[in-house]
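Undergrad: Position chain P relative to chain G; hints supplied.
Protein chains in written order, with the working numbering: chain G, 1 to 555; chain P, 1001 to 1104.
Heads up, a few of these hints could be off.
Claimed, not checked - Listed next, the in silico DMTMM-like pairs over lysine to aspartate or glutamate satisfying Cα-Cα at most 25 Å (straight line):
no., chain 1, residue 1, chain 2, residue 2
1, G, Lys100, P, Asp1077
2, G, Lys100, P, Glu1085
3, G, Lys97, P, Glu1002
4, G, Lys334, G, Asp354
5, G, Lys100, P, Asp1074
6, P, Lys1014, G, Glu535
7, G, Lys97, G, Asp468
8, G, Lys97, P, Glu1085
9, G, Lys97, P, Glu1084
10, P, Lys1079, P, Glu1004
11, G, Lys97, P, Asp1074
12, G, Lys100, P, Glu1084
13, G, Lys334, G, Glu350
14, P, Lys1014, G, Asp542
15, G, Lys309, G, Asp333
16, G, Lys100, G, Glu414
17, P, Lys1014, G, Asp109
18, P, Lys1014, G, Glu536
19, G, Lys97, P, Asp1077
20, G, Lys97, G, Asp29
21, G, Lys97, P, Glu1004
22, G, Lys309, G, Asp332
23, G, Lys309, G, Asp337
24, P, Lys1079, G, Asp542
25, G, Lys97, G, Asp109
26, G, Lys309, G, Glu324
27, P, Lys1014, G, Asp468
28, G, Lys322, G, Glu350
29, G, Lys97, P, Asp1081
Keep in mind that the hints were calculated from the coordinates and are not lab data.
Owing to the predicted nature of the structure, the values given are computational and were not obtained by experimental measurement.
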Amino acid sequence: MTVETWTYVLVGVTFAAYLYIGYLNRVRDTRGFYVAGRGVPAIFNGAATAADWMSAASFISMAGLISFMGFDGTVYLMGWTGGYVLLALLLAPYLRKYGKYTVPDFVGDRYESSVARVVAAIAAIFVSLTYVAGQMRGVGIVFSRFLEVDIWLGVVIGMAVVSFFAVLGGMKGITWTQVAQYAVLILAYLIPSAAIARALTGNPIPQLSFTFSDIVPRLNQLQVDLGFSEYTAPFASKPMLDVFCITLALMAGTAGLPHIIVRFYTVPNVRSARYSAGWALLFIALLYTTAPALAAFARYNLIQELHGKSLGEIRALGWVTKWETTGLLAFDDKDGDGIVELSPSAATSEITIDRDIIVLSTPEVAGLAPWVVALVAAGGLAAALSTAAGLLLVISSSIAHDIYARLINPAATEARRLVVGRVMIFVAILVAGWFGINPPGFVAQVVAFAFGFAAASFFPVILLGIFDRRTNGPGAIAGMVIGLGFTAFYVIGNKFFGMPPFIAGISAEGIGTIGMLLNLVVTFGVSRMTAPPSEEIQTFVDAVRIPRAARNAIH
Amino acid sequence: MERERAAAYWRANKILIAILLLVWGAVSFGLSILFARPLYHLAAGRLPMSFWWAQQGSMFVFVILIFVYAFAMDRLDRKYDVHEEEEIPSHPPLHDHVSHGDER
Chain G
1 MTVETWTYVL
11 VGVTFAAYLY
21 IGYLNRVRDT
31 RGFYVAGRGV
41 PAIFNGAATA
51 ADWMSAASFI
61 SMAGLISFMG
71 FDGTVYLMGW
81 TGGYVLLALL
91 LAPYLRKYGK
101 YTVPDFVGDR
111 YESSVARVVA
121 AIAAIFVSLT
131 YVAGQMRGVG
141 IVFSRFLEVD
151 IWLGVVIGMA
161 VVSFFAVLGG
171 MKGITWTQVA
181 QYAVLILAYL
191 IPSAAIARAL
201 TGNPIPQLSF
211 TFSDIVPRLN
221 QLQVDLGFSE
231 YTAPFASKPM
241 LDVFCITLAL
251 MAGTAGLPHI
261 IVRFYTVPNV
271 RSARYSAGWA
281 LLFIALLYTT
291 APALAAFARY
301 NLIQELHGKS
311 LGEIRALGWV
321 TKWETTGLLA
331 FDDKDGDGIV
341 ELSPSAATSE
351 ITIDRDIIVL
361 STPEVAGLAP
371 WVVALVAAGG
381 LAAALSTAAG
391 LLLVISSSIA
401 HDIYARLINP
411 AATEARRLVV
421 GRVMIFVAIL
431 VAGWFGINPP
441 GFVAQVVAFA
451 FGFAAASFFP
461 VILLGIFDRR
471 TNGPGAIAGM
481 VIGLGFTAFY
491 VIGNKFFGMP
501 PFIAGISAEG
511 IGTIGMLLNL
521 VVTFGVSRMT
531 APPSEEIQTF
541 VDAVRIPRAA
551 RNAIH
Chain P
1001 MERERAAAYW
1011 RANKILIAIL
1021 LLVWGAVSFG
1031 LSILFARPLY
1041 HLAAGRLPMS
1051 FWWAQQGSMF
1061 VFVILIFVYA
1071 FAMDRLDRKY
1081 DVHEEEEIPS
1091 HPPLHDHVSH
1101 GDER
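So that you can see chain G by itself, here it is in the shape it has in the complex (with noise of 0.2 Å):
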């Protein structure tokens, strides 16, 4: 069978699963719409947690980007794997414990002000909004790479899917789907990296033999033979400075993401939110460390097949003249000497690779056969799907919880409760698929400051709210919308305005880890100065640090 053909099977067998257990996973009350009846165990919820959070960039692009970035690639590694410590340790069982639906539930009840729930429900539609419209552009790609089929048809055979568990199902139908999409995504990721690590190394495991092998030396002589400074040489496309705050505004992002933390309420109790984390990052660290693995030697493969070669020579490999027409490599004999040749600089390099292609290509570079090729994309598309329908249940909440029935008309019944909420998800999927098909140049570029945003905004007001009793509403509001329009002047100034990054050359990425600092000293400040909250809320505070009440309070 060619590999059009077992693509057709494997996407449409994995998308028949999807609806299945969709359909299987239908619920008809609002607890099992947006917190899957809380009866998710640790480990399937850590699955469910993985595939939510590993979306079509970290499938698709991270290992490219890493490829091309070396050593400063550990922003994305550490970044959005460091951040589980924080919500594992600071966060996730605290909030389980406040056993509500919502991000802005906790904010709301703990600040006891609308006007907080509001904001942090505001921030929770913007931040899943810009990031679901990359999900379902991702979904539009991965059909019309494989499939040769329009991009918008492929985005709404996407949201055809999507909306079909979603609508039905709410969260518990997110989560089993999701649970079935992260084994998809999984074994398309590490079936072709542990293929080109034997390949390469003789060892399948990429982890031991990316440590062990002579492949990365080898690719640092390369490297250096060609100009570029060494693969593995820390800070040579960023100053550490920036590398820092990076990093840390993707764990504090990472740990304030309304999407990821909701999947923390599906669990029954306060222990199984902490293994659940547990369970999530490793099933997360499984392809994350697999990532600069395959980016190393995909690196050192291609340099391998096509520097110093003729024209003629690479395009008798199959699978360049394949990738050639995609546009996603191309060749310029600049000098016309007849063989091109790979450097750091684009006027003069005559290899031009795009970062995609790195997870793209690895089953047809190093010869696997064509179903492998086939799962790549099923587990593009899993990685896609999985992230946009936990999204869009952030964004149907936000908007049919915590502004509908909690602020708007208070008295809804279950059954309308439930209907709005059916109603918001499948409005939802509309614009984002809307965006996916006609994207908004502002949308790719805003996709990668969603961290720096929940960075600056949720993460500080939900840690104090937890560890500091004398946090108050003006404090959290001041908090939010100083550190919100803080950074979002910076991002938007920096990348718009042409602003020059002013705060000691910390980048547009980076600044998120300020926007945060300044949120926790607005926020602890301004409470300091205004009254202390009610007794009421000492009380909450006191109920969410401790996983049972005592017992003579509960009897």
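TA: Just chain P now, kept in the frame of chain G:
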């Protein structure tokens, strides 16, 4: 008395968190970033040590830290008698959730 026990539990929890976050910061921001240049000349396998910490080691440590916290908190919860009592199924209700679907 209840209040004191709750306060002692919270203090013990905070100390544990502080210790684990110290390790978290040391491997990620210390070994992988602030000391990346001096550690570059030591080796971990065939890789420069700071590169290994930045792209492999720190992530292994993160996973271990979370499980250590979960285990340690199980013990703290029991010691201060604040653990949850309800039995949670240790095995995923795979069949359960299938049958849930058909209940309605």
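Undergrad: All hints are to be evaluated individually against the structure, with a verdict given for each.
TA: The hints, checked one at a time:
For the hint pairing Lys100(G) with Asp1077(P), the CA-to-CA distance comes to about 22 Å; that is within 25 Å, so the pair holds. Under the criterion of a C-alpha separation no larger than 25 Å, the hint pairing Lys100(G) with Glu1085(P) is consistent with the structure, at around 20 Å. With a C-alpha separation of about 19 Å, the suggested pair Lys97(G) and Glu1002(P) falls inside the 25 Å cut-off, and the hint holds. Proximity of Lys334(G) to Asp354(G) is assessed by CA-CA distance (about 19 Å); at most 25 Å being required, the pair is judged to hold.
Annotation: proposed proximity of Lys100(G) to Asp1074(P) holds, straight-line Cα distance about 23 Å (limit 25 Å). Between Lys1014(P) and Glu535(G) the alpha-carbon distance is near 23 Å, which keeps this suggested pair within the 25 Å criterion. Note on Lys97(G) and Asp468(G): the hinted pairing holds, with a Cα-Cα distance of about 17 Å set against a maximum of 25 Å. This hinted pair checks out: Lys97(G) and Glu1085(P) have alpha carbons roughly 14 Å apart, not beyond 25 Å.
Between Lys97(G) and Glu1084(P) the alpha-carbon distance is near 11 Å, which keeps this suggested pair within the 25 Å criterion. Only pairs whose Cα atoms come within 25 Å are accepted, and Lys1079(P) paired with Glu1004(P) is accepted, the gap being roughly 14 Å. Distance check on the hinted pair: Lys97(G) and Asp1074(P) sit about 15 Å apart at the alpha-carbon level, within 25 Å; holds. A threshold of 25 Å between alpha carbons decides the hint, and for Lys100(G) with Glu1084(P) the separation of about 18 Å falls inside it, so the pair holds.
The suggested pairing of Lys334(G) with Glu350(G) holds, with an alpha-carbon distance near 6 Å, which does not exceed 25 Å. Distance hint between Lys1014(P) and Asp542(G) is fulfilled; the C-alpha atoms sit about 14 Å from each other, no more than 25 Å. Between Lys309(G) and Asp333(G), the direct Cα distance comes to roughly 11 Å. Compliance with the 25 Å bound is thereby established for this hinted pair. With a C-alpha separation of about 15 Å, the suggested pairing of Lys100(G) with Glu414(G) holds against the 25 Å cut-off.
Of the pairs offered as hints, the one joining Lys1014(P) and Asp109(G) holds, with about 24 Å between alpha carbons and a cut-off of 25 Å not exceeded. The straight-line distance between the Cα atoms of Lys1014(P) and Glu536(G) is roughly 23 Å, inside the 25 Å bound, and the hint therefore holds. As the CA atoms of Lys97(G) and Asp1077(P) are separated by approximately 14 Å, the hinted pair is consistent with the 25 Å bound. Distance restraint check for Lys97(G) and Asp29(G): the Cα-Cα separation of roughly 21 Å lies within the 25 Å cut-off, and the hinted pair is therefore satisfied.
Proposed proximity of Lys97(G) and Glu1004(P) is supported: the alpha carbons are some 20 Å apart, at most 25 Å. Taking the CA atoms of Lys309(G) and Asp332(G), the gap is about 12 Å. The hint holds against a cut of 25 Å. Taking the CA atoms of Lys309(G) and Asp337(G), the gap is about 11 Å. The hint holds against a cut of 25 Å. Using a Cα cut-off of 25 Å, the hinted pair Lys1079(P) and Asp542(G) holds, with the two alpha carbons roughly 18 Å apart.
Of the pairs offered as hints, the one joining Lys97(G) and Asp109(G) holds, with about 14 Å between alpha carbons and a cut-off of 25 Å not exceeded. At roughly 16 Å between alpha-carbon atoms, Lys309(G) and Glu324(G) fall within 25 Å of each other, so this suggested pair holds. For the proposed pair Lys1014(P) and Asp468(G), the alpha carbon gap of about 12 Å is at most 25 Å, so the pair holds. A C-alpha spacing of about 18 Å is found between Lys322(G) and Glu350(G), which places the hinted pair at or below 25 Å, so the restraint holds.
Distance hint between Lys97(G) and Asp1081(P) is fulfilled; the C-alpha atoms sit about 16 Å from each other, no more than 25 Å.
The structure fails none of the hints (numbered hints given earlier).
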